[in-house]
Amino acid sequence: MNTFFVLYRKELLEMLRNYKWIWVPLVFILLGAMQPVTTYFLPQILAGAGNMPEGAVIEIPTPQGSEVLAQTLQQYNTLGVLIITLSFMAVISGERNSGTAAMILVKPVSYTTFVLSKWSAMLSLTAVAFTAGYAVSLYYTNILIGDVGAGGFWKSLLIYMIWLLFVGTLTVTSSALLRSPGGAAFTALGATAVLAIATSLFPKAMAWSPGKLTGLAAQSMQTGLWDEKTWMVVLLSFVIVALMIMISVLALRSKPSLDN
Amino acid sequence: MDQITNEMLWTIIAPLAGLQFLLAIIALVACARAESTRGPKWMWVLIILFVNLLGPIAFFVAGRRNE
Amino acid sequence: MALVQVEQLTKTFGSTRAVDGISFAIGQGRCAALLGPNGAGKTTTIRMLTGLLTPTSGKIQFQELRPGADIRSVIGYLPQIPSFYGWMSGHEFLTLAGRLHGLRGKAAVKRSDELLERVGIAGAGRRKIAGYSGGMKQRLGLAQALVQRPKLLALDEPVSALDPVGRREVLELLRELKHETTVLFSTHVLHDAEELCDDVLIVRDGKIALQGAIGDIRAQHQKPVLLLQTEADEVSKRWLAEWNLRERPYIVDKESAEDRLRLVVSDIDTARSELLEELSRSQVKVRRLEIGHTSLEDLFMKVVTG
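Protein chains in written order, with numbering that gives the first Met the number 0: chain W, 0 to 259; chain P, 0 to 66; chain Z, 0 to 305.
Calculated directly from the structure, the hints in this document are not laboratory data. It should be emphasised that the depicted structure is a prediction, and the values quoted were computed from it without experimental measurement. What you were told as hints is all true, and nothing was included just to trick you.
FRET-style restraints, in silico, Cβ to Cβ:
hint, chain 1, residue 1, chain 2, residue 2, range
1, P, LEU48, Z, HIS178, 58 to 66 Å
2, Z, GLN7, W, SER179, 34 to 42 Å
3, Z, GLY101, P, ARG64, 33 to 41 Å
4, P, ARG32, Z, ASP162, 24 to 32 Å
5, W, SER179, Z, ASP112, 36 to 44 Å
6, W, SER179, P, ARG32, 21 to 29 Å
7, W, GLY47, P, VAL28, 30 to 38 Å
8, P, VAL50, Z, HIS190, 55 to 63 Å
9, Z, ASN37, W, ALA131, 48 to 56 Å
10, P, VAL60, Z, GLY28, 51 to 59 Å
11, Z, ILE59, P, MET42, 48 to 56 Å
12, P, VAL28, Z, MET0, 54 to 62 Å
Note that beta-carbon positions come from the ideal geometry of N, C-alpha and C, so glycine has one too.
Excised from the complex, chain W in its bound form (with noise of 0.2 Å):
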């Protein structure tokens, strides 16, 4: 436990130095504040583009605060998931490649040990950068647009940060079984789209599919519905989590280095 501890700070202070945990929560705030901002100032923006006949009425129907949130939602699943891809897809396959890996694991480390620290400083990150970036949007919907009711927000939010945990999860694990990162971004960002298709293709068959999550998530915003699919749902993604973390410290114990 205290050599966790130790590697997570190490992780944190990493994340610090190289400026992770400012940029990542910053463009998460913005991309937060983005939607309701647009949605607000939109039939402005329309009306100043001049290129209306003369007396033209434009009929935009204001949407509720919670659609707007949802909305917020569906940026994080482009922007946010290739952020969160992008900043973790070198989080194990760095250390390897450069050798630093061997260094750590040839002192009393576990390898569990090891790849636990990495994937609980992304959560950590990707937890802090998600619930900032959201709460702006609330703030700004809330001003803007109109109330919010607090128990669908709460709810989604949780929803969604499962999803963003699965997303960064497996990213770890793309990078734990893959040496290049690029690689490992490519193929956490494929194997999350396919998911994602796959659900939406085969409802039926992929119910409790964790691509269900993002869905889930903003409908929860608007209903406030928790009921039992949605457990079985996240029940599943902790599972499917719990496997690729085991996956990647099975791949690292295989291999700690290159040059073997």
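Position chains P and Z against the provided structure of chain W, taking the given hints into account.
Showing chains P and Z alone in chain W's frame:
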């Protein structure tokens, strides 16, 4: 919807513009302090300054060679 | 008493046997050199000792290790090219290493101060490792291997990547360290092994070709050598060519050129008197005649290439 007042602009847009500015500044600092970058530093400075939001992100993700 | 006992250690990568049934023991407090050309299996052997590689078969036994304890806690390892987190300072890295070995807060900090002093980079301790030179990294590598006062210090080619000055400095450091702990280091340079070590293990193609205390090996394998050099005149050359054709019972090994002859012999007295007699009878113009002994270098070359 009403006209945008100056005050609203100030309270809504200014903090966001400030954050973007902060992001660009931090990217520039990181660029200046990096041991080596992929491609010339002046190119990254231009990208960070002129490509909104994505410029600094691109630098943080791909700009630096092993810290 | 043996600190480490290795039996029939084997490692295969695909179809190649990098290490092929190596057995050896390292005595407590000894300094042993794992000597051999590149690709002989030295690195693989050391990596198996440190637990980075799992042996395909064979046994590694460590004396003095509490049952169930992690073998890595008693081994300090310096890889051939040590890697560090460039964003850390030397001091931070040593503190991290100390904490991973179970040192708490202040104790880890104190230990890294000590070690920086010890390896002579105290002045650079607070600087980023990214700016260190090769020699400084090697010293930092030694320091991190020493952090828990290991029972065995395993060093993989600790001086090969260094320039002559850095090499000398690290060798001096090792000379001091070998009084404190048991050392195993690999090298392809015989001279380094001779200079520092008590024992050598000469490996070739994944097998141990020769092992023992350096003094014993020298004594056992030392053979008399006779070196003859003549002027390059016709008479001498012809004599040499003719002499070369005849078999003689005392010759163990022979190398010859137009104007020179090098013999490893079993009976130096017979060889010397016979040769001197023939030389004077045929009026050969001798430039140099030297009687000596084979060096460890000769033995090493023979074992490694033969």
